[in-house]
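Asker: One letter stands for each residue in the lines below.
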Amino acid sequence: MDADRLQEFLTAVEPDRGPSVVSAEPIPGGYSRDTVIAEVRWADGSTERLVLRGDPAVEESVFRSDRDREWTLLNALADVPYLRIPRPRYYDATGEYLGTKCIISEAIPTQSMQAFLESGPDLDKAREDFIGIVASIHTTPVDAIAGTVEEPASWDAHIEALMGIYDRILEKAAVNGDSDPVLRYVRRKMRANRPPAVPLGLVHGDAQPGNFLLPEGEDAVIIDWEFGHIGDPRQDLGYYLQIPMPPHLYHPDPEGFLAIYREKTGYTEEQVNPDIVRYFMLLGMVHLLEQMIDAAEAVARGEHRGILGSYLLGSITHFRNLFLGICLDLPYSPTTTAQEATP
Amino acid sequence: MNIRPSTPQVLRDLAEELNREVMPLLTDSTDQIRLHMIMAVLGQCAVRAGSEIDLMKLETADYRAYSDAVATVTGDRAVRDETEAIGNAADLTLEAVVAEYTRASEAFATALEAAMDAGATDLVERGEELLRKRIANEQLMAEVASAGR
Chain L
63 MDADRLQEFL
73 TAVEPDRGPS
83 VVSAEPIPGG
93 YSRDTVIAEV
103 RWADGSTERL
113 VLRGDPAVEE
123 SVFRSDRDRE
133 WTLLNALADV
143 PYLRIPRPRY
153 YDATGEYLGT
163 KCIISEAIPT
173 QSMQAFLESG
183 PDLDKAREDF
193 IGIVASIHTT
203 PVDAIAGTVE
213 EPASWDAHIE
223 ALMGIYDRIL
233 EKAAVNGDSD
243 PVLRYVRRKM
253 RANRPPAVPL
263 GLVHGDAQPG
273 NFLLPEGEDA
283 VIIDWEFGHI
293 GDPRQDLGYY
303 LQIPMPPHLY
313 HPDPEGFLAI
323 YREKTGYTEE
333 QVNPDIVRYF
343 MLLGMVHLLE
353 QMIDAAEAVA
363 RGEHRGILGS
373 YLLGSITHFR
383 NLFLGICLDL
393 PYSPTTTAQE
403 ATP
Chain Y
690 MNIRPSTPQV
700 LRDLAEELNR
710 EVMPLLTDST
720 DQIRLHMIMA
730 VLGQCAVRAG
740 SEIDLMKLET
750 ADYRAYSDAV
760 ATVTGDRAVR
770 DETEAIGNAA
780 DLTLEAVVAE
790 YTRASEAFAT
800 ALEAAMDAGA
810 TDLVERGEEL
820 LRKRIANEQL
830 MAEVASAGR
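Those sequence lines, one after another, are chains L and Y.
Going letter by letter, the first sequence gives residues 63 to 405 in the working numbering.
Going letter by letter, the second sequence gives residues 690 to 838 in the working numbering.
Just chain L, with the same shape it has in the complex:
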């Protein structure tokens, strides 16, 4: 995804606009996708900044997501009037030009909410703004993106699919000659304490202040939709609990945070309370845990996954610990049959 490749790509897709790539610089630090920021001058003298998001080489990556799916979702979300995302501009769907499947979107020249939070703002106001952004995602009518991404048949089917990730992790462990008593226990307790249902909604999949951009005087812009899907919006709340970067907007006052969230979304206290949100960390984070465990297993097989494959071993332990802590506090039902608990 360098300047020469981008030049070739833009020349192919915008032959009449006379693109000239002025710069293309990698943005370091991302765990998931390779990102580049580029400046382009068009023949009419105008300039434009673009962000390129592409897949790292398979043998050097841990986290996997589908660029075709993300491109489809972005184009659907771009037309939702009350949700702002960087406008998707181009897609190299085969990697023919940019060397990897690559989505190109408009660049938003501003800081993230995470950077803003680190500047010492009024945290009560920041919390309300953060919740407002999250609620704007969760109250997006599913109809607005229906048909563009897969839609679960029902809430039950969706939750079952998420819980099924635990089955998959444990089955793979067994095949690979491993055993995971912690996740077996987590699965057991999780299934015995199914939460109340809510209507399916839009889930961001990585909802955190680092993915919310704050242009001065404008609506927030939500980026990084690679794990966006239709699901249970509480997955995003559970996911946010484990975000380590301070200042955290939930942990100092969970009840206060959720009261605002309920007011903005219409959920009831039975549906959204601190216990339910903790539970949803089990479901909002497990897809990434699976990918970390898969990478660890790849390393065990002698396949290189970049330094992250080994580095994230500590994160696997971290999440096992968090999940265990949540499940130790859940009741277990002595009358639950083995068949119900372990499908």
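Read the hints as simulated data drawn from the structure, not as lab findings.
Fair warning: there could be bad hints in the mix.
In silico DSSO-like cross-links for lysine-lysine, where the CA-CA straight-line distance does not exceed 30 Å [unchecked claim]: (1) K822(Y) x K746(Y); (2) K822(Y) x K234(L); (3) K163(L) x K234(L); (4) K746(Y) x K234(L); (5) K187(L) x K326(L).
With chain L's structure known, arrange chain Y on it following the hints.
Answerer: Below, chain Y alone, put in the same frame as chain L:
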């Protein structure tokens, strides 16, 4: 056999070399982050090399005793079979210890589920304590020791 320096000491020395001699040569922040990660992993390997066999043997003994207790109290046949399958190998090669640890872990997981099914509160609590201990050991293994310092 060379025992000084030990394997953990060698790994820590490699991390030190990377920090002193290689890190200053790197100007790209992505490369610097990558090298920090490598040094952290070397530090974790130093911790693991020093104690993973001992910890696995200790946990295996705990899981064997627990599974045996659950099998006795509940009469669960699967738990009894998995407990007997653990074995008690004298072989201390890493491969043998890992294999025994995996069998013990599986027996433990099955036993804890059986204890929950039976409503055996004391055994459930004892099993939960073993899970806490297992995670504590994992955390010890993931410790970033003194890599690069």
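Asker: Assess, step by step, whether the Cα of K187(L) is no farther than 30 Å from the Cα of K326(L), and give holds or violated.
Answerer: OK: K187(L) and K326(L) at ~15 Å, within 30 Å.
Asker: Keeping to a limit of 30 Å between CA atoms, is the pair of K822(Y) and K234(L) held or broken?
Answerer: holds, 24 Å
Asker: Holds or violated: K822(Y) with K746(Y), Cα cutoff 30 Å?
Answerer: Status holds; Cα separation ~13 Å.
Asker: Regarding the pair K163(L) and K234(L), is the alpha-carbon distance no greater than 30 Å?
Answerer: holds, 28 Å
Asker: Against the 30 Å threshold, does the CA-CA distance of K746(Y) and K234(L) hold or violate the hint?
Answerer: Distance ~24 Å between K746(Y) and K234(L) Cα, so the pair holds.
Taken one by one, the earlier hints all hold for this structure without exception.
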